[in-house]
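**Student:** Residue strings, one per chain:
Number of protein chains: 4
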Amino acid sequence: MKFGVVARRDKEEALKLAYRVYDFLKVSGYEVFVDPETYEHFPHFSKEDLVPLNEMEVDFIIVIGGDGTILRVEHKTKKDIPILGINMGTLGFLTEVEPNETFFALNKLMEGDFYIDERIKLRTFIDGKNNVPDALNEVAILTGIPGKIVHLKYYVDNGLADEVRSDGLIISTPTGSTGYAMSAGGPYLDPRIDGIVIAPLAPIALSSRPMVVPATSTIDIRILTTTRNIILAIDGQFYTYLSPEVEISVRKSPRKTKFVRFSREVYPKYTLKIKKKF
Amino acid sequence: MKFGVVARRDKEEALKLAYRVYDFLKVSGYEVFVDPETYEHFPHFSKEDLVPLNEMEVDFIIVIGGDGTILRVEHKTKKDIPILGINMGTLGFLTEVEPNETFFALNKLMEGDFYIDERIKLRTFIDGKNNVPDALNEVAILTGIPGKIVHLKYYVDNGLADEVRSDGLIISTPTGSTGYAMSAGGPYLDPRIDGIVIAPLAPIALSSRPMVVPATSTIDIRILTTTRNIILAIDGQFYTYLSPEVEISVRKSPRKTKFVRFSREVYPKYTLKIKKKF
Amino acid sequence: MKFGVVARRDKEEALKLAYRVYDFLKVSGYEVFVDPETYEHFPHFSKEDLVPLNEMEVDFIIVIGGDGTILRVEHKTKKDIPILGINMGTLGFLTEVEPNETFFALNKLMEGDFYIDERIKLRTFIDGKNNVPDALNEVAILTGIPGKIVHLKYYVDNGLADEVRSDGLIISTPTGSTGYAMSAGGPYLDPRIDGIVIAPLAPIALSSRPMVVPATSTIDIRILTTTRNIILAIDGQFYTYLSPEVEISVRKSPRKTKFVRFSREVYPKYTLKIKKKF
Amino acid sequence: MKFGVVARRDKEEALKLAYRVYDFLKVSGYEVFVDPETYEHFPHFSKEDLVPLNEMEVDFIIVIGGDGTILRVEHKTKKDIPILGINMGTLGFLTEVEPNETFFALNKLMEGDFYIDERIKLRTFIDGKNNVPDALNEVAILTGIPGKIVHLKYYVDNGLADEVRSDGLIISTPTGSTGYAMSAGGPYLDPRIDGIVIAPLAPIALSSRPMVVPATSTIDIRILTTTRNIILAIDGQFYTYLSPEVEISVRKSPRKTKFVRFSREVYPKYTLKIKKKF
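Residue numbers (our numbering), protein chains in the order written: chain A, 3 to 280; chain B, 3 to 280; chain C, 3 to 280; chain D, 3 to 280.
The set of hints was computed from the structure by calculation and includes no laboratory data.
Hints are not guaranteed to be accurate.
The list treats identical chains as one, so a pair stands whether inside a single copy or across any two.
Stated by the list, open to error - No more than 20 angstroms apart at the CA atoms, straight line, and that leaves these computed lysine to any residue pairs for SDA-like:
hint, residue 1, residue 2
1, Lys-78, Glu-103
2, Lys-150, Ile-233
3, Lys-278, Leu-93
4, Lys-260, Glu-165
My request is simple: use the sequences and hints to build the entire structure.
**Tutor:** Right, here's the structure in full:
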């Protein structure tokens, strides 16, 4: 088995734990690779073990950090490599274990005593082409100028679903349903549901409602505001300005995100965390 | 082919149209049966054609009325007989055609030019036994005294999903998602989603959120308020008071509701109606 | 100075503390009276000191309990006697001190080192007559049958404000804005605002919104559902069924509720408690 | 009496009506001045009557346009000149009459048969200095990067009211309560209430609620996100980027906006328009 190790760059505790994980796995006889950005902030790893995330070909990536770190890894890796997340963030909807459980978790992993939790991702097509990362959480189409509404229509499987004047539109996976989509009024979506949440962000019309559509749907967005650019934000990580004339289309990606889990528990695991959001 | 005909009892226009439908189908050579309650309010049907809904064995039931009339038919029929709904209500989320399209729709039906839209229903078990109707829209567990909260816990597949102090809890099918569940803050659920909405009704805790769980889930509710009875309301049609000590369990029913449809359109058909709710 | 003492009846700790307060005040040389219901659950007070709440003429009432106990006292007393609330409930939006601060607070009270916080109340007129208690929190007009909507119109100063189909309508003081009105989606209303929150409860129309109107307004409610009685609930304490034909009118009461406070703090005192609601 | 005339620049119908109003008032013997921007789009007014808005000293300004046009006039004029708004926008919360009532309204105005509706405005201080326009609708403190939350605390009269991670914070007058604040979940605030709505925009914490505080309050905002600039947007008209280190303070302005009204009606005038928002 080969492992990758990535840590949150702005937290020394995370970097140190990453080094201990790296050391433990090396000593246990495995090949271990480290993300150069992690190395940059903690230059104690062997230089020969550095491999950029987009070239990493390993069996598992151990990510020490918060949900943001996992999203960063997801956006950079090219293959659906299973991720074991060790929580060094706040709530940790995506991470699986707390720091004190790290080596216990690694042992279970090495013994094969785990389960792979596959999560759907969303792929965005701009004028028919996909050249932006897949979303594990959400695709957000936002007004280019905060406070100025964007006027748009969106279609589900070619049928007009709604026309909204709002700060934007959030299109979210079940994984992302506890994030931005929930701030916009969307529901919690059980990860076992093969569905997508669509939620307008601060819409003018009080009758605009979040909806849940099949993950097999094609969601097409057309911008009616012609005078300013819009923003496409993916997972709060990738940002780009787009002309209002583009045709945006969002569909389930052929790729999945794979998480190493030690239990199949959904409740109260995620719903408890919702209550702790702050 | 055999037909059943049922009309909304409080609207003469609906009763008259029911008679014209009955007459048209008889003249066309079919066996047609009429609900005795419809007859009671419009005693022009042949007495020999009267058959109570719970004994009707026909190929299609033509329902002239609103969503309430369809729910009443659903609660009384014993088999999953396809329903063609002619809208004599307000919005008509369940009905398929407007009154002026009636005979056009009947012709398409007779020619076989239609499609059957199957909708899931929810079955409620009280202390392990099911002796209440299946819900096409929603199962509502409500405080027995309006204005006094009920304190309850609910579990999804044996995991604690939430503990709420509220006016009640709405457990809704996709079909019911535009009804009571939406008034409680729930999302629109595309009918193609095999899911269930769970929405607390006016919860004290501001962090309690509607959720969408797989339709294959078992939802168990335990009442913690011990001093007063609760109400179980199914589809706004069937009501019963229950002791707070009962164990309530809700699961997908083996039965389905079948609707005759002339198109597979979902958008904007349903989402437009949401905006017209008043 | 004369004192009244009232305790929550279902909590021995509260009853015991009430006795200690009673004893302390007696020993300090004051006249102290006790609510007979408190005596009934803790028969150690002198029988000669028993005076029913509706006959109590004292300078201060010390209430040991939760918000419900204070609301019960408010509904029974005939004069606007200042209340010092000692929190033996959960959040205690109305109470001023925690049990461990009791004697410290009593000393400040005896030394005159306090401030009176006057809160508005709402008076309800049914067909022009007032024979129900004033509301310190809210007047709720509710469907008589949970799960069946009530259809009503309400007018502010004779102008039609909204027509709603809902589980009911909440008319709340600033004091009550953290209670039932907030569960219905209403805002937090600073107690210094001379206003009233009107919030529909689970309305069918998604465009129905909570509103805040001047406390000098007359709010008239007309019920359009003619087939079943409605419920009038005041502060979750007083309940009555009413014919749908009654004319209900709600106005600011000439009475106020007076609370003994030791600081004029509003923030974060109340807003912190909102976050702890569960 | 002297008049000013201003029209929406992008609608020929509005410009033409402005000319007819100008002509009618001139013929009636009044001094009439025209905004140069209106002239630029419709160069038929006498050049000698051109006076920039910030130098206009007239008794009334007739504004032909939507709410945006009125907000533009408000931001530019230096004195609290009464405005008569003729609706050439969509809903027209601020305008008083429809185009077909124009000359009827002008006659009433000349006869003195009207009433002045004074509305409060909000003044914003940045590091203690006010150099931005007053807000008739709202002051919005927004994330500089759409989709990236801003973390802030806000204080009411020096007490911490809430700490939020959100897309921003809306601080709104009663006039603005039907606008951006309502999209953020805020209530309708009757214009007679001397209060301010504070509403977080898409907050992460589900327990963050809109609140209504006295208009006499000082609202202080401190930004905890240190890495990026924020946006201050006033009435959707004035925009500026600010360093996260600034101290922002919002208070009621000494200035008011004055509207010419022909009735004191509040209901259903404004509440009906809420339902028509789209």
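**Student:** All the hints need checking, so say for each whether the structure fits it.
**Tutor:** Going through the hints against the structure:
In this homomeric assembly, Lys-78 and Glu-103 never come within 20 angstroms of each other (Cα to Cα): the closest approach is 26 angstroms inside a single copy and 56 angstroms across copies. For the identical chains of this complex, Lys-150 and Ile-233 are neighbours both inside a copy (12 angstroms) and across copies (12 angstroms), given an alpha-carbon limit of 20 angstroms. Taking CA atoms no more than 20 angstroms apart as the test, Lys-278 paired with Leu-93 passes in both settings, with 8 angstroms inside one copy and 18 angstroms between copies. Within a single copy, Lys-260 and Glu-165 get their C-alpha atoms no closer than 35 angstroms, and across copies no closer than 30 angstroms, so neither meets the 20 angstroms cut-off.
The structure shown violates the earlier hints numbered 1, 4.
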